[in-house]
Amino acid sequence: MNKKFLVGLLLGLFAIFMFSSFTLAFAKETLVFSSRLWSVPTEQEFIIENVIKPFEKEYNCKVNFQILDDKKLLERAEVQQKTNHVTTDIVCAYVSNMPEWIEKGYVEDLTPYIQKWTDRHFTKAFSYGTEYNGKQYFIPVGADVYLLIANKKALKYLPEGADIDNLTWEQFVAWSNATRKGDGVGRTVVTGVPMKSFVYQFGAISLSYGAGFPEMVTPGALKAWELLVKMKDDFIPSVLNVDNCISPMKREEAWLSWMHCARAGAVYSSNETKFVVAPVPKGPAGRGSIAGVSGFAIMKNAPHKDLAIKFLEYITRPDMQVKISKGTGGFIPPVEEAVKYLGDDPEDEVIAKAIEVLKNGKVSGVPGQKFQDWGAVKKVYDDVFVKMVLKGDGKVNMDILNEAKKKLDALRK
Amino acid sequence: MNNRFMSKLIKKTLFYILITGISLIIATPIYFLVSLSFLSSREAYQYPLPLTPAFSSEFKIEKGRKGYLLSIYDPRLRGFDTVIDTRHLEKISRYMRTELNVIMSPKEIEKYTKKLETQKEVYFKRPKNIFYNYITFFNVTRDAVPALIRSLEIAGLTILISLSIGGMAGYAFARYMFKGKNFLKVSVLFVRVFPAVAIAMPMVVILARIGFYDKPIGLSLVYSVGSIALTIWITASIFMGISVELEEAAQVFGATKLRTFFNITLPLALPGLAACAMYAFIGAWNETVSALILTQFNPTFSVVVYQSLLGASGQINLTAAGGISMALPMVIFTLFIRKYINQMWGGVKV
Amino acid sequence: MSRINAIKLKKKWAPYLLIAPTIIYYFLFWLSPVLSAIYNSFRDPSGKFTLANYVEVFTHTSFGVAFRNTAFIAGVSVFIEFIVALLLAILINQKFKGSGIFLFLAMIPMALPAVGAAAIWKTGLTTNGWMNSLLYYLGIIGKGTRIHFLGGSVFSIMWLIILVDAWQVIPSMMIILLAGLQNLSKEAQEAGYIFGANRFRTLMDITIPMLKPTIVTAVILRLISAIQIWLIVVLLFGFDRIPLLLERIVYYKEEVSRLKNSYQIASTYSVIVAIIVTVAAVLYLKFSGAFEKYEETGDENE
Chain A
1 MNKKFLVGLL LGLFAIFMFS SFTLAFAKET LVFSSRLWSV PTEQEFIIEN VIKPFEKEYN
61 CKVNFQILDD KKLLERAEVQ QKTNHVTTDI VCAYVSNMPE WIEKGYVEDL TPYIQKWTDR
121 HFTKAFSYGT EYNGKQYFIP VGADVYLLIA NKKALKYLPE GADIDNLTWE QFVAWSNATR
181 KGDGVGRTVV TGVPMKSFVY QFGAISLSYG AGFPEMVTPG ALKAWELLVK MKDDFIPSVL
241 NVDNCISPMK REEAWLSWMH CARAGAVYSS NETKFVVAPV PKGPAGRGSI AGVSGFAIMK
301 NAPHKDLAIK FLEYITRPDM QVKISKGTGG FIPPVEEAVK YLGDDPEDEV IAKAIEVLKN
361 GKVSGVPGQK FQDWGAVKKV YDDVFVKMVL KGDGKVNMDI LNEAKKKLDA LRK
Chain B
1 MNNRFMSKLI KKTLFYILIT GISLIIATPI YFLVSLSFLS SREAYQYPLP LTPAFSSEFK
61 IEKGRKGYLL SIYDPRLRGF DTVIDTRHLE KISRYMRTEL NVIMSPKEIE KYTKKLETQK
121 EVYFKRPKNI FYNYITFFNV TRDAVPALIR SLEIAGLTIL ISLSIGGMAG YAFARYMFKG
181 KNFLKVSVLF VRVFPAVAIA MPMVVILARI GFYDKPIGLS LVYSVGSIAL TIWITASIFM
241 GISVELEEAA QVFGATKLRT FFNITLPLAL PGLAACAMYA FIGAWNETVS ALILTQFNPT
301 FSVVVYQSLL GASGQINLTA AGGISMALPM VIFTLFIRKY INQMWGGVKV
Chain C
1 MSRINAIKLK KKWAPYLLIA PTIIYYFLFW LSPVLSAIYN SFRDPSGKFT LANYVEVFTH
61 TSFGVAFRNT AFIAGVSVFI EFIVALLLAI LINQKFKGSG IFLFLAMIPM ALPAVGAAAI
121 WKTGLTTNGW MNSLLYYLGI IGKGTRIHFL GGSVFSIMWL IILVDAWQVI PSMMIILLAG
181 LQNLSKEAQE AGYIFGANRF RTLMDITIPM LKPTIVTAVI LRLISAIQIW LIVVLLFGFD
241 RIPLLLERIV YYKEEVSRLK NSYQIASTYS VIVAIIVTVA AVLYLKFSGA FEKYEETGDE
301 NE
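Just so you know, the sequences run in chain order A, B and C. Everything in the first sequence is counted per the working numbering, starting at 1 for the first residue and increasing by one. Everything in the second sequence is counted per the working numbering, starting at 1 for the first residue and increasing by one. Everything in the third sequence is counted per the working numbering, starting at 1 for the first residue and increasing by one.
For reference, chain A alone in the conformation it holds in the complex (with noise of 0.2 angstroms):
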């Protein structure tokens, strides 16, 4: 018996080594395809099934998707040209980081094939980080800016006269207050876990009052941190644990929220008759939001680089666009022509006011190439948003503001 069991464990461990190398010997030829976009695994189901087989059929090849942040893509790209052993054919990167991978040269100038496409025309508003020296080397994708987001079990506490369509922070934190007045606790979320969304939640309010982003105390960062104070005892009882605002809307721990369209767009399909979407508040100087995007691009030496381009053609055409805008909860199309297949469905309805805030808005990018790390930028705020909004005494406190500022300057490059 218990020879048997060695030779099993033997003999088992011999087949897989077999398995193994054969598996590698039959791979035939591959597109690989790394993303930071579409990290949701229903986002990452749809696209494999709607946009990928597809594809995979039309041309008869295989596509590897993978989904890699956005520092293992920089990183794998590096080993990659440093080496000389170009594996990865097109990358998907946030705008922050394109500045990065443009000036260090990982990827192909697109330009001339992108003039061949005449039926599409990218969105001018992202041309910052995807073009370079007149050169466009980033396709955009998956646009995103903020979107309030409420139960409609909030909807009594609003103020009277405010128009949910056009709210204004002041009567949010108003709504928000008598929200937690009337149900006896707090009901409204942004994520308090640390280096999440919490600095682009602030920035959309302190770009309502004129600030820049980020900024921790000029007038308009001053007056947005003066509003969450005020909202001091607002926030769900978890809202520490809160890593993405999804789950506690959805679980109806949470009633108001202002979040990132696509996520927006998650809660609102997941039942619609429960939620009301609307676009961020807004205040004197606009409708602040940040907005990012992401850009496809194909890699310095790519081994399959006829195809990838066939592959961006494809996955930019206007209706694809559309398809995976909706599929995918609510990112914005930055195809213009994507615009006139748009329905009544909620994701439309999501879209739809996403592209108001980035037409109307006061938007800004997020300017991670400035700063020596995002994640640590992320973090000041995160620090402050603990130290003076939830545990604070209800006042803004300069003394803190201007240590968090200290650490903000000592991180830019």
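Among the hints, a few may not be true.
[Stated by the list, open to error] Derived pair list, reagent style EDC-like, types lysine to aspartate or glutamate, alpha-carbon separation capped at 16 angstroms:
#, chain 1, residue 1, chain 2, residue 2
1, B, LYS66, A, ASP344
2, A, LYS135, A, GLU103
3, A, LYS53, B, ASP81
4, C, LYS260, A, ASP409
5, A, LYS340, A, ASP306
6, A, LYS310, A, GLU56
7, A, LYS196, C, GLU190
8, A, LYS116, A, ASP306
9, B, LYS63, B, ASP85
10, A, LYS152, B, ASP81
11, A, LYS72, B, ASP214
[Claimed, not checked] With beta-carbon atoms standing in for the labels, derived distance ranges:
#, chain 1, residue 1, chain 2, residue 2, range
12, C, ILE147, A, GLY394, 21 to 27 angstroms
13, A, PRO219, C, HIS60, 25 to 31 angstroms
14, B, PHE190, C, ARG68, 20 to 26 angstroms
15, B, PRO267, C, GLY64, 49 to 55 angstroms
16, C, LEU105, B, LEU9, 22 to 28 angstroms
17, B, ILE217, C, PHE195, 54 to 60 angstroms
18, B, ARG259, C, LEU31, 32 to 38 angstroms
19, B, PHE190, A, GLY394, 46 to 52 angstroms
[To be verified] Residues of chain C placed beyond 10 angstroms of chain A at every Cβ, according to the derived structure:
#, residue
20, LEU91
21, PHE96
22, ASN198
23, PHE237
24, LYS286
No lab work stands behind these hints: they were computed from the structure. Heads up, the beta-carbon is just placed ideally off N, CA and C, and yes, glycines get one too.
Starting from the known structure of chain A, arrange chains B and C on it as the hints suggest.
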């Protein structure tokens, strides 16, 4: 006599209450994880959370403002809950799939919506695809199978390396008296004080130099560092428990030292070695941080799971399915070698 | 005469030969990365020798808090886990129906991957999670009330972490101690009874001293890994909310890896953590008298 019987019965009852209590404490969280992995998104975000997953859903379709109104029967409300108003049947089909784990093509739905021409509303019940979360998980984890094989390979190699190298040393510590023994035995343990994460970074360069970077063998070499130490300590105590007389008796009958070891000592030590193998397997199988650093194109299963769940904090039922898929091979392995571990205690001795 | 000498000679080099592979292995795959980390901890980003990394770690990176938190969690959890595991092992140390299933069940928490454990406690401890649902179904809390497990003070959160950790660790620790108990000779314990000692005295004077080698092994391994706890905390609370020593390393290595000196700070932390764990382990071994114990067991076998 009767009294003794009674007190024995009470003792026994108390004992089983204790065992049941501990089992419940261990099992309840595991039960919820398993149950969660079978819940649809809609169920997973309800409060109170359902104790058991539903196996089917009841639907109602009627004409709505935009197109069709879809409602779902909710046992907590004892009524239908309207969720969606759309003119696109694909949208309804997709909603059923992603929110309720019910697979129904637009064509099938059309059969019911056609009836709306003659009647006001139409009801139907559909079974839920209970494994839908798992299917989605393996769908998005596209290179799951090669990664799974790779992980098994790594775990196997780790067991081989740490049992052979560590077992030898363990035998030496158990059977011989030599200078520096205590110092060596304690210092072996101290390889574990240096955090594994901190070892992984410089290892990139070292493994790349010997051509083992991004290969299963490279990772198992790293994992073996920790498990060799553990193996030495466990095997040393096992070999100590095996009587020297038995070995000597065999040698008297003319067996060589090597043969004695393989025919007498090793079989006796097998249960303990199985336990070591289990620890090595668990360590290699579940490790993610070093694997993230030390692999590039050939990730392990844990890395693949980690990556496909990177953005899954909003989908807890999928995370649960991923966690279970990862734990399952581990649990099967434990089940398989359990009887060997059981021999170590209880099985033969009591 | 010469024959005896030959055996002695053989015995002299045999153990070293058996241990040699381990030592060579550690030289290749442990010592070099460790030396590289130590080297990096004394370099600035441009490669010059500096002590600034250590200064920065001790002054600017929440080292004090991380140390206090780790010491508290590790100290309390090892103590509680050990006591409970030992008690359970002693109580369960008998043959019973269903022991196979029970022990299999006890092995599962240890085998769970971090994603699984995190999924369990994230969904369990959140306000509308399964813990509150379960309490509601059991009739302990009303429909409107919820316990905010995660919303408490740092102190209560630390206890929560200890409980979560205990759930995963106690069963496996119990198995190790149970294995040790089963290997003890029954005679010695029975002798205790014969000489009139009660159960408690037998336990304290005979069973536990005899179990000591197993206890020392179990506790020392647990102590080393308890000081290195981080993953479950980060999965529940994110980075830098409850700073811990190992969490600091991963934080600088993975989360804010693009600061000028991230790599150096992470290396410095690794070295400091290694020193702290070593000191804790040596103190424990000294305190438990383990060093002498090994001497004795060695003699017995000789």
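Now for the hints, and whether the structure bears them out:
no.: 1; hint: LYS66(B) x ASP344(A); result: holds (8 angstroms)
no.: 2; hint: LYS135(A) x GLU103(A); result: holds (12 angstroms)
no.: 3; hint: LYS53(A) x ASP81(B); result: violated (35 angstroms)
no.: 4; hint: LYS260(C) x ASP409(A); result: holds (14 angstroms)
no.: 5; hint: LYS340(A) x ASP306(A); result: violated (30 angstroms)
no.: 6; hint: LYS310(A) x GLU56(A); result: holds (11 angstroms)
no.: 7; hint: LYS196(A) x GLU190(C); result: violated (61 angstroms)
no.: 8; hint: LYS116(A) x ASP306(A); result: holds (14 angstroms)
no.: 9; hint: LYS63(B) x ASP85(B); result: holds (9 angstroms)
no.: 10; hint: LYS152(A) x ASP81(B); result: holds (14 angstroms)
no.: 11; hint: LYS72(A) x ASP214(B); result: holds (15 angstroms)
no.: 12; hint: ILE147(C) x GLY394(A): 21 to 27 angstroms; result: holds (26 angstroms)
no.: 13; hint: PRO219(A) x HIS60(C): 25 to 31 angstroms; result: holds (30 angstroms)
no.: 14; hint: PHE190(B) x ARG68(C): 20 to 26 angstroms; result: holds (24 angstroms)
no.: 15; hint: PRO267(B) x GLY64(C): 49 to 55 angstroms; result: holds (53 angstroms)
no.: 16; hint: LEU105(C) x LEU9(B): 22 to 28 angstroms; result: holds (25 angstroms)
no.: 17; hint: ILE217(B) x PHE195(C): 54 to 60 angstroms; result: holds (58 angstroms)
no.: 18; hint: ARG259(B) x LEU31(C): 32 to 38 angstroms; result: holds (36 angstroms)
no.: 19; hint: PHE190(B) x GLY394(A): 46 to 52 angstroms; result: holds (51 angstroms)
no.: 20; hint: LEU91; result: holds (32 angstroms)
no.: 21; hint: PHE96; result: holds (25 angstroms)
no.: 22; hint: ASN198; result: holds (42 angstroms)
no.: 23; hint: PHE237; result: violated (6 angstroms)
no.: 24; hint: LYS286; result: holds (39 angstroms)
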